[in-house]
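Asks: Residue numbers (my numbering), protein chains in the order written: chain A, 1 to 304; chain B, 1 to 304.
The set of hints was computed from the structure by calculation and includes no laboratory data.
The C-beta atom is built at its ideal place from N, Cα and C for all residues, glycine as well.
Possibly wrong hints are sitting among the right ones.
A short list of chain B residues far from chain A (calculated; beta carbon distances all over 12 Å) [to be verified]:
| id | residue |
| --- | --- |
| 1 | 14 |
| 2 | 84 |
| 3 | 125 |
| 4 | 158 |
| 5 | 277 |
| 6 | 298 |
| 7 | 300 |
Derived Cβ-Cβ restraints for the label pairs, each shown as a range [to be verified]:
| id | chain 1 | residue 1 | chain 2 | residue 2 | range |
| --- | --- | --- | --- | --- | --- |
| 8 | A | 137 | B | 36 | 41 to 47 Å |
| 9 | B | 124 | A | 72 | 49 to 55 Å |
| 10 | A | 246 | B | 296 | 32 to 38 Å |
| 11 | A | 252 | B | 161 | 32 to 38 Å |
| 12 | B | 36 | A | 209 | 29 to 35 Å |
| 13 | A | 249 | B | 229 | 29 to 35 Å |
| 14 | A | 249 | B | 249 | 22 to 28 Å |
| 15 | A | 36 | B | 253 | 24 to 30 Å |
| 16 | A | 209 | B | 40 | 29 to 35 Å |
| 17 | B | 278 | A | 128 | 44 to 50 Å |
| 18 | A | 179 | B | 229 | 42 to 48 Å |
Number of protein chains: 2
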Amino acid sequence: MDANRKVELFLERPMRRGRASATHKGALIIIGGHEDRTGERRVLGAVAERLGDDGKIVVCTVASAEPDSLWEEYESAFRALGVPHVYRLDVESREDAATPRAMRILEGATGVFFTGGDQLKITSQIGDTPLYSRVQEIFEAGGVIAGTSAGASAMSETMLVANDGEASYRIKSALLMAPGLGLAQDMLIDQHFSERGRMARLIGAISQNPHVLGVGIDEDTALILEHARHFRVLGRGGVYVVDASRTTHSNVGEAKETLSRFGIAVHMLSQGDRFDLSTRTPSSHSAESMERVEAKLKREATGD
Amino acid sequence: MDANRKVELFLERPMRRGRASATHKGALIIIGGHEDRTGERRVLGAVAERLGDDGKIVVCTVASAEPDSLWEEYESAFRALGVPHVYRLDVESREDAATPRAMRILEGATGVFFTGGDQLKITSQIGDTPLYSRVQEIFEAGGVIAGTSAGASAMSETMLVANDGEASYRIKSALLMAPGLGLAQDMLIDQHFSERGRMARLIGAISQNPHVLGVGIDEDTALILEHARHFRVLGRGGVYVVDASRTTHSNVGEAKETLSRFGIAVHMLSQGDRFDLSTRTPSSHSAESMERVEAKLKREATGD
Numbered sequence: 001m002d003a004n005r006k007v008e009l010f011l012e013r014p015m016r017r018g019r020a021s022a023t024h025k026g027a028l029i030i031i032g033g034h035e036d037r038t039g040e041r042r043v044l045g046a047v048a049e050r051l052g053d054d055g056k057i058v059v060c061t062v063a064s065a066e067p068d069s070l071w072e073e074y075e076s077a078f079r080a081l082g083v084p085h086v087y088r089l090d091v092e093s094r095e096d097a098a099t100p101r102a103m104r105i106l107e108g109a110t111g112v113f114f115t116g117g118d119q120l121k122i123t124s125q126i127g128d129t130p131l132y133s134r135v136q137e138i139f140e141a142g143g144v145i146a147g148t149s150a151g152a153s154a155m156s157e158t159m160l161v162a163n164d165g166e167a168s169y170r171i172k173s174a175l176l177m178a179p180g181l182g183l184a185q186d187m188l189i190d191q192h193f194s195e196r197g198r199m200a201r202l203i204g205a206i207s208q209n210p211h212v213l214g215v216g217i218d219e220d221t222a223l224i225l226e227h228a229r230h231f232r233v234l235g236r237g238g239v240y241v242v243d244a245s246r247t248t249h250s251n252v253g254e255a256k257e258t259l260s261r262f263g264i265a266v267h268m269l270s271q272g273d274r275f276d277l278s279t280r281t282p283s284s285h286s287a288e289s290m291e292r293v294e295a296k297l298k299r300e301a302t303g304d
Numbered sequence: 001m002d003a004n005r006k007v008e009l010f011l012e013r014p015m016r017r018g019r020a021s022a023t024h025k026g027a028l029i030i031i032g033g034h035e036d037r038t039g040e041r042r043v044l045g046a047v048a049e050r051l052g053d054d055g056k057i058v059v060c061t062v063a064s065a066e067p068d069s070l071w072e073e074y075e076s077a078f079r080a081l082g083v084p085h086v087y088r089l090d091v092e093s094r095e096d097a098a099t100p101r102a103m104r105i106l107e108g109a110t111g112v113f114f115t116g117g118d119q120l121k122i123t124s125q126i127g128d129t130p131l132y133s134r135v136q137e138i139f140e141a142g143g144v145i146a147g148t149s150a151g152a153s154a155m156s157e158t159m160l161v162a163n164d165g166e167a168s169y170r171i172k173s174a175l176l177m178a179p180g181l182g183l184a185q186d187m188l189i190d191q192h193f194s195e196r197g198r199m200a201r202l203i204g205a206i207s208q209n210p211h212v213l214g215v216g217i218d219e220d221t222a223l224i225l226e227h228a229r230h231f232r233v234l235g236r237g238g239v240y241v242v243d244a245s246r247t248t249h250s251n252v253g254e255a256k257e258t259l260s261r262f263g264i265a266v267h268m269l270s271q272g273d274r275f276d277l278s279t280r281t282p283s284s285h286s287a288e289s290m291e292r293v294e295a296k297l298k299r300e301a302t303g304d
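Chain A on its own, in the form it takes in the complex (with noise of 0.2 Å):
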């Protein structure tokens, strides 16, 4: 289809997220910031396996302050990787997500990576804008979309906007949070997570609505999430899952000025450990399975 129709359909009826979606087959990869760029690339490699044959990824340098290095870093790395098409898309306003140039940028890729930086930026910028909906289209084809960092804290419904330097256990404290991308259904995701001590404010934040699970992801770790019912952890770090959703007691709402909590699940994944969306229960797995899958996925990939 010509770029300039794209915009115009997607202005007239933009993609948003229906029921339709969870039975979809694309993979979310969401990783937890400064993710290995040089050296082994384990979670980077998880990206570039699942593109495809002819796979085209377009990186989009939204959130970030300095997208011109962060663009040469990803480029390097997905190329040493082996993807054929490594495209990028650098968006400063809302006019230029609705624009024919970012849709002929996007037109065959089958995976979209999000870099670090400024979550809002991404949101603000690219939210129900033509671009929005053709990263909706080519996830919901069936392709995969990543985000790192702010990237990451992105793809949740409703996102939180950094405010570590708060004491985010007081309840009068408001907890910054704002609309996400919503393509990781029902979960709030928190990034840089033990390296910055994150615990805290996560709890803080799914105590406020706990039907949404709390994801917090370590560095240089992924999780991915396909299908839309289970992940699986990838990586050095951990992925701390917390579930609020047997907790019996909340005073959230109440005079006092500190949170309280009973019941709270916590389940601390690594490599090759499995977490159930829908029963959310996690199952445990070898890093190894992992390696595995992976090697598998490459051998498919690069047609060895």
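Mind docking chain B on chain A? Use the hints.
Replies: Then chain B, alone, in the frame of chain A:
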């Protein structure tokens, strides 16, 4: 008893914890650091109120690298709180902890307060000395033993030693622990908890032995443990209890590079809330209930 004789007696027969100590009447006040020393002094007030009619507190600055200024702050605070007798005990060597002078300073004390600094200085210099025997004796006679920051960590049986820089969720990164004073039985205490983002390291530590309950205390917040059976929370922040006793999977000891553990129970307690140590269950109480308890103690202490 003569101070010289007391030293000899404790050298011959050190007070070490026995089963009997589980039923004594002493109070432990364990503080997460940075407690208010000049304003409302809610946490230090709880120490003062429990010292009795003709209370005598001994501030032990052994942990600190700047004991003089710290002593001045605590002396002012406890005097402002109306404590009749405020003494200082500095210890620069194990020999200092075995002197008649130390016994004389602790003569008639109804409370001992351990300041912040380095918890290893506390345990290495007073562990199993006559000074420690005397602290244990005061505790078992119904006195108050309080500690803040390093002084809080040292209350544990096995204590964490500062290594925030390390990624403690990594199995291979040794979590630094050392034997503590052991006044808080079956607990592993961490302080400056939310402020320094220490949940991952506490989970890492208790994963090595879920028999121990992990307890993280925020700044300007205390747990007050009475009769060794339950504790209550006082102060501006929260107390996090981490209970790994019902976890279903652990890969500690396996080849994985990162920790997996499923089903950790986390309870966030705030002022007024209680925690039963024998059943490991929290219960909810209003913040005001704690203020009423403290106000009653204060009236009794001042004879109003």
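Asks: Against this structure, judge whether each hint is valid.
Replies: We went through each hint and held it up to the structure:
{"no.": "1", "hint": "14", "in the structure": "holds, 39 Å"}
{"no.": "2", "hint": "84", "in the structure": "holds, 32 Å"}
{"no.": "3", "hint": "125", "in the structure": "holds, 30 Å"}
{"no.": "4", "hint": "158", "in the structure": "holds, 20 Å"}
{"no.": "5", "hint": "277", "in the structure": "holds, 15 Å"}
{"no.": "6", "hint": "298", "in the structure": "holds, 21 Å"}
{"no.": "7", "hint": "300", "in the structure": "holds, 26 Å"}
{"no.": "8", "hint": "A/137 - B/36: 41 to 47 Å", "in the structure": "violated, 56 Å"}
{"no.": "9", "hint": "B/124 - A/72: 49 to 55 Å", "in the structure": "holds, 51 Å"}
{"no.": "10", "hint": "A/246 - B/296: 32 to 38 Å", "in the structure": "holds, 36 Å"}
{"no.": "11", "hint": "A/252 - B/161: 32 to 38 Å", "in the structure": "holds, 35 Å"}
{"no.": "12", "hint": "B/36 - A/209: 29 to 35 Å", "in the structure": "holds, 33 Å"}
{"no.": "13", "hint": "A/249 - B/229: 29 to 35 Å", "in the structure": "violated, 21 Å"}
{"no.": "14", "hint": "A/249 - B/249: 22 to 28 Å", "in the structure": "holds, 27 Å"}
{"no.": "15", "hint": "A/36 - B/253: 24 to 30 Å", "in the structure": "holds, 26 Å"}
{"no.": "16", "hint": "A/209 - B/40: 29 to 35 Å", "in the structure": "holds, 33 Å"}
{"no.": "17", "hint": "B/278 - A/128: 44 to 50 Å", "in the structure": "violated, 55 Å"}
{"no.": "18", "hint": "A/179 - B/229: 42 to 48 Å", "in the structure": "holds, 47 Å"}
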